[in-house]
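*Asks:* Between the sequences and the hints, there should be enough to build the whole structure, so can you do that?
Protein chains: 2
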Amino acid sequence: MSSAPLQTLDRKLKRIQTLESVSGLLGWDELVNLPPESADQRAEQSAALAQVCHNASVDPELGQVLADLEAQIESLDASDQIVLKEARKDYDRAARLPEEYVDRKARLDSAAYHAWARARADSDFAQFAPFLQQQLDAAREFAEHLGWGDRAYDCHIDLHDPGMDTATIAALFSELKTELAPIVERILNSNTKPDVSIFKGFPIEAQSEFLKTITSDLGFDYQRGRIDVSLHPFCSGNGADTRMTTRFDADNPLDSLFSAIHETGHGLYEQGLPRDQLHTALGKAAGMGAHESQSRLWENQVCRSRAFWNRYESDFRERFPSQLENVSSDALYLAINSVSRNPIRVDSDEVTYNLHIIIRFELEQRLFDGSLSANDLPEAWNALYKELLDITPRNDAEGVLQDVHWSGGAFGYFPSYCLGNLLAAQLWYAALEQLPELEADFERGEFTRLLEWLRTNVHAHGKRLPLNELAVASTGSPLSTQALVKYLEDRYLPLYS
Amino acid sequence: MSSAPLQTLDRKLKRIQTLESVSGLLGWDELVNLPPESADQRAEQSAALAQVCHNASVDPELGQVLADLEAQIESLDASDQIVLKEARKDYDRAARLPEEYVDRKARLDSAAYHAWARARADSDFAQFAPFLQQQLDAAREFAEHLGWGDRAYDCHIDLHDPGMDTATIAALFSELKTELAPIVERILNSNTKPDVSIFKGFPIEAQSEFLKTITSDLGFDYQRGRIDVSLHPFCSGNGADTRMTTRFDADNPLDSLFSAIHETGHGLYEQGLPRDQLHTALGKAAGMGAHESQSRLWENQVCRSRAFWNRYESDFRERFPSQLENVSSDALYLAINSVSRNPIRVDSDEVTYNLHIIIRFELEQRLFDGSLSANDLPEAWNALYKELLDITPRNDAEGVLQDVHWSGGAFGYFPSYCLGNLLAAQLWYAALEQLPELEADFERGEFTRLLEWLRTNVHAHGKRLPLNELAVASTGSPLSTQALVKYLEDRYLPLYS
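Chains A and B, in that order, are what the protein sequence lines are.
The first sequence begins at 1 in our numbering and counts up one residue at a time.
The second sequence begins at 1 in our numbering and counts up one residue at a time.
Simulated from the structure, these hints should not be mistaken for laboratory data.
Virtual Cβ for every residue (Gly too), placed ideally from N, Cα, C.
Watch out, some of these pointers could steer you wrong.
Listed next, the in silico BS3-like pairs over lysine-lysine satisfying Cα-Cα at most 30 Å (straight line) [stated by the list, open to error]:
id : chain 1 : residue 1 : chain 2 : residue 2
1  : B       : Lys212    : A       : Lys212
2  : A       : Lys105    : B       : Lys212
3  : A       : Lys284    : A       : Lys105
4  : A       : Lys105    : A       : Lys12
5  : B       : Lys12     : A       : Lys14
6  : B       : Lys105    : A       : Lys14
7  : A       : Lys14     : B       : Lys14
8  : A       : Lys284    : A       : Lys89
What the simulated footprint calls covered on chain A by chain B, stretch by stretch (three residues with Cβ under 8 Å from a Cβ of chain B suffice, anywhere in the stretch; the number is not a length) [what the hints assert, rightly or not]:
id : region
9  : 33 to 43
10 : 219 to 233
Taking beta-carbon pairs under 10 Å as the criterion, some of the chain A residues facing chain B (in silico) [stated by the list, open to error]:
id : residue
11 : Lys14
12 : Thr18
13 : Ala48
*Replies:* Dropping the structure here:
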């Protein structure tokens with residue numbers, strides 16, 4: 001960036017990113033530190049910052065410099081063109097939404113969230129249905145404002161994974177559903193049954209130390225990040241200050257450990273993005289699916305592997321000698337790779353997880369194309385769970401009300417989780433082909449080569465490439481089900497033979 | 001507040017307070033949570049928020065509504081008049097400073113802080129002297145912008161304690177210096193020598209639990225506040241979300257405990273201010289001296305008392321049985337009320353502490369009236385320490401460079417500490433006269449009556465009364481040395497007889 005307008009653009013984007021990072025910190029603090037009765041002030045603080053960020057995002061001088069640069073776009077180098085195009089998308093997304101819509105949507109989000117929480121507590125979908133309908137209407141309106149016409153669901157998918165669309169995902173998921181069926185069936189019908197009840201009384205302090213050691217070994221830079229405790233694990237901030245969380249349960253040490261590893265995957269991505277470009281598309285993540293590919297790769301392909309546990313099992317036993325005394329090595333590894341029929345997405349394993357996502361994607365499509373009404377959602381939900389997972393949720397709380405996403409109007413978000421799984425498997429095999437000694441690395445607690453490979457092949461691209469192009473650039477082929485299916489077969493079928 | 005202009009004023013003050021509370025949270029997070037290498041981003045975030053706050057503070061619409069209301073001030077009720085007058089002071093303080101000055105001062109603060117830190121590390125005042133001179137010049141310029149003419153030091157005193165001035169403080173401190181001399185001499189010449197080396201190996205976790213119990217008993221509301229760890233203890237936030245810190249040393253449990261109690265005093269004040277008026281003068285603290293009176297009262301008059309330890313000594317011993325096994329009750333109480341000759345202000349006891357402040361006040365006066373140059377400060381510092389405390393600092397780090405305040409241009413701040421001590425003693429005797437059973441309360445771990453008395457007589461006033469008027473309203477007389485001297489004699493002379 002050198003010309004005066006480019007410098008103006010850079011300065012304005014920097015200011016937006018700085019203010020948004022303050023908003024992010026408010027959100028982190030709310031989930032990690034906020035005293036129980038301080039929520040009212042935090043709501044006011046967050047609203048005030050949101051307004052400040054919005055004002056910076058729709059700054060008319062920013063609009064002018066975008067227009068000026070667009071008039072000479074051919075003279076810009078490739079990187080500057082990317083920055084300009086993404087800045088234009090962000091600007092339009094902020095500027096094209098009428099203030100009245102933004103206000104109304106903020107109020108709806110708050111009301112719908114509370115309605116969802118109450119409905120879930122009462123396990124009564126009917127209380128939430130009218131709010132879901134309003135969120136669907138608002139989502140369609142959003143797409144219209146942004147010029148997507150009646151392609152509302154595509155608009156929301158694109159929001160999470162730029163360049164993705166309903167048709168592409170539908171084709172992938174349809175294939176995946178077919179291919180997963182026999183794998184799930186073989187595993188669940190196997191006589192091998194993991195026993196996760198073997199984990200009892202693991203002191204939190206020792207769990208915390210163990211997961212800090214592991215996440216450091218993986219490469220998370222605690223000089224520019226931290227890990228804390230929250231109700232639901234998450235990763236926030238950016239590469240300059242990456243804040244992740246986990247949660248602890250003395251009787252479920254694998255949950256805290258793998259939550260921390262999952263968030264470390266997100267954190268490593270943030271920390272690997274080009275440091276001096278955090279405010280432009282060159283230093284931002286490619287999208288939700290790409291982000292999830294990183295968390296899943298570290299969580300599953302790396303840290304549930306035999307090689308990884310060959311290295312860390314002895315450490316784990318040293319920290320919890322009495323608790324693991326009667327647990328064999330095989331039983332431990334099987335518990336780490338436990339597969340089961342679970343009605344709850346966030347508690348499910350990496351094999352069945354994809355089916356939970358496919359169900360939500362099918363439902364979202366039907367809600368958007370009008371073939372399913374909000375009121376009829378529970379019935380459709382339960383039918384799909386029966387069909388794909390042979391599960392009948394005992395009630396709405398365990399079924400259609402389990403996830404928070406729809407209460408905030410976050411449609412088109414769920415598919416990212418599964419797209420991330422697809423990409424993770426592809427990345428794994430691509431890395432392994434170029435670095436066949438990777439698993440030997442893991443046996444020595446050495447992850448640098450994999451991390452460097454990801455930095456070069458994924459992180460360094462920032463938001464330059466849409467998801468499918470990123471897949472091609474990093475793995476040689478667009479997203480497909482092949483790698484994930486192969487990976488799941490290779491990992492799980494021998495275990496559950 | 002009912003008229004439309006009053007509502008506009010209220011809304012704008014609310015917005016300023018909300019944005020400033022976000023700035024406050026950034027500051028808290030920086031000292032409590034910030035990863036070591038994330039400082040650059042935090043500096044940018046803080047600068048961006050400072051600008052946002054400044055813009056809100058000098059909003060021309062705010063200036064207009066202030067002028068409109070001033071034109072009809074006689075028609076406003078007393079509370080609204082206070083709100084208006086204080087809002088005008090804040091507005092002028094923000095609006096009268098040229099942008100160029102604000103920018104230059106921000107850069108000076110940063111440069112002077114780093115120069116001070118280096119000079120202190122090298123124990124070489126000469127490195128800091130030119131920056132101190134620039135801060136003095138900037139402080140004089142500040143006073144001129146705000147219309148104080150050549151009363152620059154008064155301007156800065158008024159900034160910390162509205163209504164206070166150099167002459168009033170000089171008269172008080174001169175008297176106090178004379179009255180303290182024989183007390184200090186008797187204590188330090190006594191054969192009774194407290195032994196603070198008796199504290200060794202107090203586990204942090206148990207210290208933390210003990211101080212949480214005590215600060216809760218005192219009345220700190222952890223539903224709207226927290227305590228964390230930082231290098232230097234402080235209290236930030238407001239009554240809606242009060243965040244205090246302490247620090248831990250296994251060999252100095254009294255430091256962490258009394259730091260926490262001191263900050264709890266600040267926190268109780270914040271939590272006691274009128275909840276719905278945090279954005280106006282009605283819900284803000286009266287000033288630094290008033291604030292310090294609260295922290296000191298709880299720390300010293302209450303929690304160093306015999307009655308308090310009659311209640312808590314057994315709890316303390318239960319938590320640290322082996323560590324306190326060979327420490328007698330008298331030895332413990334003496335260590336809690338240890339007086340010694342210490343060159344460092346923050347490590348000094350409540351008797352000699354006032355002399356440290358008087359020294360700084362005398363030096364500040366001379367720096368401002370031109371009779372002392374920045375370059376000659378160390379010599380003057382050491383002479384006063386010799387005269388008042390019979391101490392010769394071993395070097396600049398232990399002497400003139402020990403405090404951070406002057407590096408940020410915070411002149412007129414030190415006197416507040418001693419004014420707070422004066423008011424704390426007056427409040428103590430006034431409360432005791434009206435509630436003679438207070439110490440019996442402490443013996444039972446009961447502090448509600450004292451807290452309620454402070455809420456009614458101090459907290460409820462907000463910023464309505466300048467410090468001396470607050471003293472009259474709450475204790476029946478303006479600030480004087482009488483109560484503090486009587487308190488110190490009553491507490492310390494029997495101990496060191």
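*Asks:* Each hint: holds or not?
*Replies:* How the hints compare with the structure:
no.: 1; hint: Lys212(B) - Lys212(A); verdict: holds (27 Å)
no.: 2; hint: Lys105(A) - Lys212(B); verdict: violated (42 Å)
no.: 3; hint: Lys284(A) - Lys105(A); verdict: holds (26 Å)
no.: 4; hint: Lys105(A) - Lys12(A); verdict: holds (26 Å)
no.: 5; hint: Lys12(B) - Lys14(A); verdict: holds (27 Å)
no.: 6; hint: Lys105(B) - Lys14(A); verdict: holds (23 Å)
no.: 7; hint: Lys14(A) - Lys14(B); verdict: holds (27 Å)
no.: 8; hint: Lys284(A) - Lys89(A); verdict: holds (14 Å)
no.: 9; hint: 33 to 43; verdict: holds (count 9)
no.: 10; hint: 219 to 233; verdict: holds (count 6)
no.: 11; hint: Lys14; verdict: holds (8 Å)
no.: 12; hint: Thr18; verdict: holds (5 Å)
no.: 13; hint: Ala48; verdict: holds (5 Å)
Violated hint: 2 only; the structure is consistent with all others.
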